[in-house]
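**Q** Top to bottom, those sequences are chains X and A.
In this text, residue positions in the first sequence follow UniProt numbering: the first is 1, and each later residue adds one.
In this text, residue positions in the second sequence follow UniProt numbering: the first is 1, and each later residue adds one.
Fair warning: there could be bad hints in the mix.
Stated by the list, open to error - Using C-beta positions, here's what the derived DEER-type ranges look like:
1. Pro45(A) / Ser138(X): 45 to 53 Å
2. Pro62(X) / Val95(A): 27 to 35 Å
3. Glu70(X) / Leu144(A): 45 to 53 Å
4. Lys195(X) / Ala153(A): 29 to 37 Å
5. Lys108(X) / Asp90(A): 37 to 45 Å
6. Lys155(X) / Lys173(A): 34 to 42 Å
7. Tyr67(X) / Lys123(A): 38 to 46 Å
8. Lys173(A) / Glu40(X): 28 to 36 Å
9. Val37(A) / Asn202(X): 38 to 46 Å
10. Asp130(X) / Ala235(A): 30 to 38 Å
These aren't lab readings, by the way, just hints derived from the structure by calculation.
The beta carbon of each residue, even a glycine, is placed where N, CA and C say it ideally should be.
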Amino acid sequence: QKRRLCWSQRSFKVMAYYGLTTPPYELDALEPYMSKKTLEVHWGKHHREYVEGLNKHLANSPILYGYTLEELVKATYNNGNPLPEFNNAAQVWNHDFFWESMQPDGGKMPWGGLLEQIEKDFGSYNKFRDEFVESAISIFGSGWVWLVLKPEEKKLSILRTSNAVCPIVWRDIPIISLDMWEHAYYLDYKDNREKYANTFMNHLVSWHAATARIVRAQAFVNLGEPKVPVA
Amino acid sequence: MALRTLASKKTLFLSPGFPLRRCVAADPVLLKTRGLVTFSLPDLPYDYGELEPAISGEIMKLQHQKHHQTYISNYNKALEQLDEAMSKGDASKVVGLQGAIKFNGGGHVNHSIFWKNLAPTSKGGGEPPHAALGWAIDTDFGSLETLVKKINAEGAALQGSGWVWLALDKEMKKLRVETTANQDPLVTKGLHLIPLLGIDVWEHAYYLQYKNVKPDYLNNIWKVINWKYASEIYAKEIA
Numbered sequence: 001q002k003r004r005l006c007w008s009q010r011s012f013k014v015m016a017y018y019g020l021t022t023p024p025y026e027l028d029a030l031e032p033y034m035s036k037k038t039l040e041v042h043w044g045k046h047h048r049e050y051v052e053g054l055n056k057h058l059a060n061s062p063i064l065y066g067y068t069l070e071e072l073v074k075a076t077y078n079n080g081n082p083l084p085e086f087n088n089a090a091q092v093w094n095h096d097f098f099w100e101s102m103q104p105d106g107g108k109m110p111w112g113g114l115l116e117q118i119e120k121d122f123g124s125y126n127k128f129r130d131e132f133v134e135s136a137i138s139i140f141g142s143g144w145v146w147l148v149l150k151p152e153e154k155k156l157s158i159l160r161t162s163n164a165v166c167p168i169v170w171r172d173i174p175i176i177s178l179d180m181w182e183h184a185y186y187l188d189y190k191d192n193r194e195k196y197a198n199t200f201m202n203h204l205v206s207w208h209a210a211t212a213r214i215v216r217a218q219a220f221v222n223l224g225e226p227k228v229p230v231a
Numbered sequence: 001m002a003l004r005t006l007a008s009k010k011t012l013f014l015s016p017g018f019p020l021r022r023c024v025a026a027d028p029v030l031l032k033t034r035g036l037v038t039f040s041l042p043d044l045p046y047d048y049g050e051l052e053p054a055i056s057g058e059i060m061k062l063q064h065q066k067h068h069q070t071y072i073s074n075y076n077k078a079l080e081q082l083d084e085a086m087s088k089g090d091a092s093k094v095v096g097l098q099g100a101i102k103f104n105g106g107g108h109v110n111h112s113i114f115w116k117n118l119a120p121t122s123k124g125g126g127e128p129p130h131a132a133l134g135w136a137i138d139t140d141f142g143s144l145e146t147l148v149k150k151i152n153a154e155g156a157a158l159q160g161s162g163w164v165w166l167a168l169d170k171e172m173k174k175l176r177v178e179t180t181a182n183q184d185p186l187v188t189k190g191l192h193l194i195p196l197l198g199i200d201v202w203e204h205a206y207y208l209q210y211k212n213v214k215p216d217y218l219n220n221i222w223k224v225i226n227w228k229y230a231s232e233i234y235a236k237e238i239a
């Protein structure tokens with residue numbers, strides 16, 4: 001009888017846990033446009049703290065077990081009334097996405113279908129670029145600027161979000177992002193946000209990653225005109 | 001260095017019988033002479049390096065010459081646009097400008113208070129409050145240490161950018177700790193709240209020196225907090 005009591009009193013604690021993903025390049029690979037020092041603090045301290053904070057929260061919330069990070073962000077956003085876990089979850093997701101939006105020897109121009117879509121939705125690549133930079137420098141406070149594909153309108157669009165909010169909570173499909181929190185650029189550019197945003201567009205943004213993302217997005221959004229065969 | 005806030009007020013000059021509305025809407029020069037008050041950067045009552053080692057000279061210089069100056073320039077621009085929109089009766093433009101006014105105007109208001117909240121240790125920075133404010137702190141928070149702990153906790157917990165305040169609630173005649181987001185001034189939390197102390201917890205206020213360790217910045221800033229100014233404001237408002 002004692003043994004049965006032991007079994008029923010043993011509880012197996014199921015805990016959700018997320019690891020810190022590394023950027024897809026060495027921490028000094030984005031020099032001189034984003035210094036190794038910035039990556040060391042931004043990824044090694046800020047991003048890591050968000051991950052550790054998230055895991056601490058999740059240790060106390062067993063019902064949030066079994067989600068992918070993206071699902072967790074949408075669930076904790078709670079349709080605009082975010083739960084306490086949202087801030088950490090969203091910032092982990094945001095930073096994962098941001099590192100992958102950049103590459104060594106990046107910038108220059110998009111090509112192929114992505115360029116066509118940009119030209120269709122913004123008029124020209126330069127108009128898009130100017131609008132992106134303008135959006136970035138006109139954020140009030142901490143936030144992010146995004147190029148997203150809006151599934152209902154089937155259009156590319158530029159969005160600004162505050163603090164930790166990201167467009168996946170509105171079911172938009174993000175293509176690239178730029179972190180406009182001061183910690184992202186202050187060590188390298190001090191208060192010169194315009195220089196930071198321009199450098200991102202000229203030398204850092206990964207159009208490879210953006211192309212892969214919009215290709216994947218086409219599984220959910222039909223961007224072209226349907227080709228109706230002539231009888 | 002004397003602290004002086006320069007507000008330039010240009011007076012209106014019109015010849016008699018000249019229709020006001022038509023000329024103002026058409027002529028940009030006359031627009032400026034309508035009595036629009038613009039702002040300029042106040043001087044600091046101490047050198048940039050005098051608050052070291054609590055706050056580095058580099059941070060003070062950037063905050064003053066770049067950040068605060070930008071808020072002032074953009075605030076003046078927004079005020080001019082507001083003036084024009086108001087004189088044209090463009091209601092939606094007037095409302096649309098409120099965001100820029102709250103942000104840039106708030107940035108100017110908040111930083112102007114911040115410079116007065118700080119003082120080098122040689123000029124009284126860090127000296128704890130006495131008299132009326134000291135007693136009020138003991139009454140409302142138990143002790144100065146408890147208040148400092150509370151302000152540091154709220155400052156550290158603030159997500160994104162913002163300010164943490166020691167406020168006097170004029171109606172209840174009590175002290176309160178409040179936080180505001182971005183550059184929202186304290187009045188956005190209540191018109192009856194008077195700012196005694198404000199601590200900037202935007203990343204630009206500490207990043208170059210403390211990197212991501214905001215709690216270290218908050219612990220160290222108390223060494224240069226100018227309680228004399230806070231006491232003066234408190235005594236004036238409570239009288």
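**Q** Does the hinted range 37 to 45 Å hold for Lys108(X) and Asp90(A) at CB?
**A** Holds, at about 42 Å.
**Q** Go ahead and decide if the range 28 to 36 Å is satisfied by the Cβ distance of Lys173(A) to Glu40(X).
**A** Violated, since Lys173(A) and Glu40(X) (Cβ atoms, about 49 Å apart) do not stay within the stated range.
**Q** Can you tell me whether the CB distance of Asp130(X) to Ala235(A) sits inside 30 to 38 Å?
**A** violated, 53 Å
**Q** Go ahead and decide if the range 45 to 53 Å is satisfied by the Cβ distance of Pro45(A) to Ser138(X).
**A** Given range 45 to 53 Å: violated, Cβ gap about 33 Å.
**Q** Holds or violated: 38 to 46 Å for the Cβ distance of Val37(A) and Asn202(X)?
**A** holds, 41 Å
**Q** Do Lys155(X) and Lys173(A) keep their Cβ atoms within the hinted range of 34 to 42 Å?
**A** For Lys155(X) and Lys173(A) the Cβ distance comes to about 56 Å; the hint is violated.
**Q** Does the Cβ pair Glu70(X), Leu144(A) satisfy 45 to 53 Å?
**A** About 47 Å separates the Cβ atoms of Glu70(X) and Leu144(A), which means 45 to 53 Å holds.
**Q** Looking only at beta-carbon atoms, does the pair Pro62(X), Val95(A) fall within the given range of 27 to 35 Å?
**A** violated, 47 Å
**Q** Could you say whether the range 38 to 46 Å given as a hint is met by the Cβ separation of Tyr67(X) and Lys123(A)?
**A** With Cβ atoms ~55 Å apart, the hint is violated.
**Q** Can you let me know if the beta-carbon spacing of Lys195(X) and Ala153(A) is within 29 to 37 Å?
**A** This hint holds: roughly 36 Å between Cβ atoms.
In the structure shown, a violation is registered for the earlier hints numbered 1, 2, 6, 7, 8, 10, in ascending order.
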